[in-house]
Amino acid sequence: MKKTFFIRPCHDDVTSYLHYYSKELLIESKKRGFKTINKEKADANALMITGIIKKNNPDFIMFNGHGNPNTICGHHDEPLIKLNKNHSLIKNKIIYSLSCSSALKLGKKVADSKSTFIGYIDEFALGMDINSQAVVHRDKRARLFLEPSNLLVKSLLKGNNVKEAVIKARNLMKKNISKLKTDPFPDAKDYLPYLFNNLVVLSLLGNDSAKL
Amino acid sequence: MIRKNNSILVRKIVLERIKNMAPNVKIALGSKGQFLNKDDLLKEVANNTPIGEKIVKIQLRYMQALGEGLI
Numbered sequence: 167m168k169k170t171f172f173i174r175p176c177h178d179d180v181t182s183y184l185h186y187y188s189k190e191l192l193i194e195s196k197k198r199g200f201k202t203i204n205k206e207k208a209d210a211n212a213l214m215i216t217g218i219i220k221k222n223n224p225d226f227i228m229f230n231g232h233g234n235p236n237t238i239c240g241h242h243d244e245p246l247i248k249l250n251k252n253h254s255l256i257k258n259k260i261i262y263s264l265s266c267s268s269a270l271k272l273g274k275k276v277a278d279s280k281s282t283f284i285g286y287i288d289e290f291a292l293g294m295d296i297n298s299q300a301v302v303h304r305d306k307r308a309r310l311f312l313e314p315s316n317l318l319v320k321s322l323l324k325g326n327n328v329k330e331a332v333i334k335a336r337n338l339m340k341k342n343i344s345k346l347k348t349d350p351f352p353d354a355k356d357y358l359p360y361l362f363n364n365l366v367v368l369s370l371l372g373n374d375s376a377k378l
Numbered sequence: 020m021i022r023k024n025n026s027i028l029v030r031k032i033v034l035e036r037i038k039n040m041a042p043n044v045k046i047a048l049g050s051k052g053q054f055l056n057k058d059d060l061l062k063e064v065a066n067n068t069p070i071g072e073k074i075v076k077i078q079l080r081y082m083q084a085l086g087e088g089l090i
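Chains A and B supply the protein sequences, listed in that same order.
So the first sequence is numbered by the numbering used here: it starts at 167 and just counts up by one.
So the second sequence is numbered by the numbering used here: it starts at 20 and just counts up by one.
In isolation and in its complexed conformation, chain A is listed as follows (with noise of 0.2 Å):
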């Protein structure tokens, strides 16, 4: 049985959301068969990550949380994965990093004919509507943020390859694009230049053709 691994950290205000939206890629996961391992909130740490990985190998790994271009960062932005410390940890698997930047040097290093790491290569941007701050689910402005990146898992879980899933991601991106230039709301516009780069740094490193 192939097996999946979610890291969802939950200790600020994109946490949280990168927390919420994450949860039914892990339904999906069970529900497609995968053996489903979640760590979360405090257990998001390098201890307990470090253990998982070595103890049961899992085929994908996704990482929800903040990052810089050498680092992945767990709860309260404990670094996880590190350039040239431990990145030879998630190498041999479908590894994707939604967290800012761990694509420009950390994903270029773990990145070969084995390894695929999909993530970003700048900042991920993240647009919430105010008025829906209190209750994540409603607010609309952030899933044309979040259903691109969690479509790309989804498609992943599916059995698609990780190039028609950074696709299929990027199609989504660009529907929302146009949703928003076409939407009469006056803050539709705002979102557009941060939603635009997310789709300039989402990079696929690696092993392209690599399926679960």
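If you are wondering where the hints come from, they were derived from the structure by calculation, not from laboratory data.
Heads up, the beta-carbon is just placed ideally off N, CA and C, and yes, glycines get one too.
Heads up, a few of these hints could be off.
[To be verified] A partial selection of chain B residues facing chain A, derived with a Cβ cut-off under 7 Å: (1) Lys31; (2) Leu34; (3) Lys38; (4) Met40; (5) Asn43; (6) Val44; (7) Leu48; (8) Gly49; (9) Ala65; (10) Pro69; (11) Gly71; (12) Ile77; (13) Tyr81; (14) Gln83.
With chain A fixed as given, assemble chain B onto it according to the hints.
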């Protein structure tokens, strides 16, 4: 000199674009963890912080893409 003038002009355009933002919009960028409202975005750009520079880059790239008919 021309490059410096361009950069000042771009920043001015971006500041104007942010001033015209709807009040309900918030954007999160980088590892700040918090969403930034219109006033926060203005401060970041005006003070030329690393986040402010990213905002200018994002806005400029979008305007260029619009100009080139890419979107």
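Hint by hint, here is what the structure shows:
Here the hint on lysine 31 (chain B) is broken, as its CB sits about 16 Å from the closest CB of chain A, past 7 Å. Of the supplied interface hints, the one on leucine 34 (chain B) is violated, with its beta-carbon coming no nearer than about 14 Å to a beta-carbon of chain A, more than 7 Å. Restraint check, lysine 38 (chain B) versus chain A: the minimum CB separation of about 11 Å is more than 7 Å; hint violated. Contact between methionine 40 (chain B) and chain A, as hinted, is supported at the beta carbon level, the nearest pair being about 5 Å apart and thus within 7 Å.
Because the closest C-beta pair between asparagine 43 (chain B) and chain A is about 5 Å apart, less than 7 Å, the hint holds. The closest approach between the C-beta of valine 44 (chain B) and any C-beta of chain A is roughly 4 Å, which is under the 7 Å cut-off, so the hint is satisfied. With 7 Å as the threshold, the beta carbon of leucine 48 (chain B) comes within range of chain A, its nearest partner Cβ sitting at about 5 Å, so the hint holds. The criterion of a C-beta within 7 Å of any C-beta in chain A is met by glycine 49 (chain B), whose closest approach is roughly 5 Å, and the hint holds.
Against a cut-off of 7 Å between C-beta atoms, the interface hint on alanine 65 (chain B) is violated, since the closest Cβ of chain A lies about 18 Å away. Annotation: interface hint on proline 69 (chain B) violated; nearest CB of chain A at approximately 10 Å, more than 7 Å. Against a cut-off of 7 Å between C-beta atoms, the interface hint on glycine 71 (chain B) is violated, since the closest Cβ of chain A lies about 12 Å away. With a cut of 7 Å, the hint placing isoleucine 77 (chain B) at the interface with chain A holds, because the nearest CB-to-CB distance is about 5 Å.
Annotation: tyrosine 81 (chain B) was flagged as interfacial toward chain A, and the flag holds, the nearest CB pair being 4 Å apart, inside 7 Å. The criterion of a C-beta within 7 Å of any C-beta in chain A is not met by glutamine 83 (chain B), whose closest approach is roughly 10 Å, and the hint is violated.
Of the numbered hints given earlier, the model fails hints 1, 2, 3, 9, 10, 11 and 14; all others are met.
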